[in-house]
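Chemist: Fit chain B to the known structure of chain A by using the hints.
Chain residues, written in single-letter form:
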Amino acid sequence: MDRFAGYRKPAPGTQPEYLHPPYVSSLKRAPTQPLVALPETFSELTGPIFPKNLVDAKACDLTRQSNGPPLGERIVVGGQVRDEDGRPVRDSLIEIWQANAAGRYLHAGDQHDAPLDPNFLGVGQAFTNASGQYRFVTIRPGAYPWKNHPNAWRPQHIHFSLFGPAFATRLVTQMYFPGDPLLASDPIFNSVADEAARNSLVANFDWATTIPELALGFRFDIILRGPNATPMEP
Amino acid sequence: MNGRTTPSQTVGPFFSIGFAWLERADLTTGASADKCVTICGRVMDGTAQPVPDALLEIWQADGTGRYALREETGARPEGHSFFGFGRVAVNEAGEFRLRTLRPGAGIGPDGAVCAPHLAISIFMRGLLKRLVTRMYFPGDPANDTDAVLSRVPARRRHTLVARLAETGEPGLVWDVHLQGDQETVFFDC
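Taken in order, these protein sequences are the chains called A and B. Heads up: the first sequence at position 196 corresponds to 196 in our numbering, and the numbers run straight through without jumps. Heads up: the second sequence at position 181 corresponds to 1181 in our numbering, and the numbers run straight through without jumps.
So that you can see chain B by itself, here it is in the shape it has in the complex:
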């Protein structure tokens, strides 16, 4: 029986009761500290106010740019079982903090190099379907030729690239702007 994809509906204001059990803000299980990175950021709405009820889901490759495919069971190339899934909710100030393994550059289905990135879904009240975006790493040489970044208008590309934290703990900062001058690039997935 064929059919059409079931429509998306918003997660509403109370999704945390359904999603909290699988919250996973630290994806680094088993990885050595020098390969890990902390990413902090804020989610802001169209009035430049922080969004206190957003949730980010992360999907990413391991340090060698490979994904935890169903067929690939057992030891990962780096000797640990990196899973690649994260789920983190923002706090009342719209802030999130994520710790993960820095992904490696990967090879795409067309054989081209994909710059290291996190694939990100964003859910919240007011979104009838998830937002899809990506976070790239500052200064990575593969960014210049990445097939996805290349499709993004140059003046908006910076919204997808994290910046180095200037204060606080070492790491990266990546903010999400739902609207406005700095509106983050969102993808038609």
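Next up, chain A with everything else stripped away, as it sits in the complex:
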């Protein structure tokens, strides 16, 4: 029954709180009542295991999903998904979505005055391999303005959605780029109180991920919750 030992809670400060007033949208959407502690049942200890044929092999290359190459700086984003104990999370689904190089999403609700790119959808999927590694080829997304506060701009980012082995390990996050001057003023990035945890959202420029003469490389490792060391007490 080791498999059902349950999952550790995140260390204090390493996850955002629901209510983070600088992020204005949280005010009317964050719960106001205390959360109820959930004993882990099989509903949390199991989760969807998606078949690998769900994802087309081309889905991890966002530069080859249209008739021509998208505009912008081609990049490789890769890394390893592992749990808190360092064990690779293998054969696990990752979804990404992002703005184009001009900072515009292919979404009807995005009214930013920046051009759409007919050759960029901004959506990808991939499975981790047996070592927990994943790799996407894409375009470096542009920064874009939003209305959270005067002259607010989101730092360049890519949205990541991961499932891991269980309902309890579900994670949606954002990857940022090193050295982005907008990070310091971004309320979403800064919703994570713990500095080291916050900075783990920033990818590293990585020569080993770079493809010579083709694309710069960024490494973004992702850590999902780890199992408890001992089986759950009845």
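Quick caveat, the hints were computed from the structure, so don't treat them as lab data. Yeah, the Cβ is synthetic: ideal placement off N, Cα and C, and Gly gets one too. Heads up, a few of these hints could be off.
As the list claims (entries may be wrong) - A few chain B residues facing chain A, derived, Cβ under 7 Å:
(1) Arg1004
(2) Gln1009
(3) Trp1059
(4) Gly1063
(5) Gly1104
(6) Leu1127
(7) Gln1179
(8) Glu1183
(9) Cys1189
Modeler: Only chain B this time, still in chain A's reference frame:
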């Protein structure tokens, strides 16, 4: 190499481009109609306004209360391959509609009976991390002894239990209130 779980960040306003490919509002593939149920509801914010940009993910057991575990491949007990995962976005009026197989009561890791329920994650702009909640079925005798429902203050328990639809197609209604007097119970998962 040990580490700490990567922080959650909001899905933002444009998540539908990333999530639409796996939208799954009907989980009933292969199940006979008498075992299926339609669930409709609305997501409301702290000003009692509908939330037009929420997404619900469902994870649930099959009709016998068992989950589609990796090891359990091949035929399900009921002769169909029930997967148990759903993903449904709300419309402009905050409404969602889901059709699924009614899950059975299950046995928990401690051997106790778990009342039939859907485990639900809710994502939207403004949520820095997902909300975790559950939907239970009205009138199920196992509700009275369910270990999770029992932990919920009695006056708030009803927020987790669907009600029978009074109009429209037969089925269940289950609304989500992010805040306010009727605030839905959310769990620390």
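Chemist: Take the hints in turn and mark each one as holding or not.
Modeler: Hint-by-hint comparison with the structure:
1. Arg1004: Result: holds, 5 Å to nearest chain A Cβ.
2. Gln1009: At about 4 Å, which falls below the 7 Å cut-off, the nearest Cβ of chain A leaves the hint on glutamine 1009 of chain B intact, so it holds.
3. Trp1059: holds (5 Å)
4. Gly1063: Interface hint status for glycine 1063 of chain B: violated (15 Å vs cutoff 7 Å).
5. Gly1104: Since chain A brings no Cβ nearer than about 12 Å to glycine 1104 of chain B, farther than 7 Å, the hint is violated.
6. Leu1127: Holds, because the Cβ-Cβ distance from leucine 1127 of chain B to chain A comes to roughly 6 Å (cut-off 7 Å).
7. Gln1179: holds (5 Å)
8. Glu1183: Constraint on glutamate 1183 of chain B satisfied, holds at 5 Å.
9. Cys1189: holds (5 Å)
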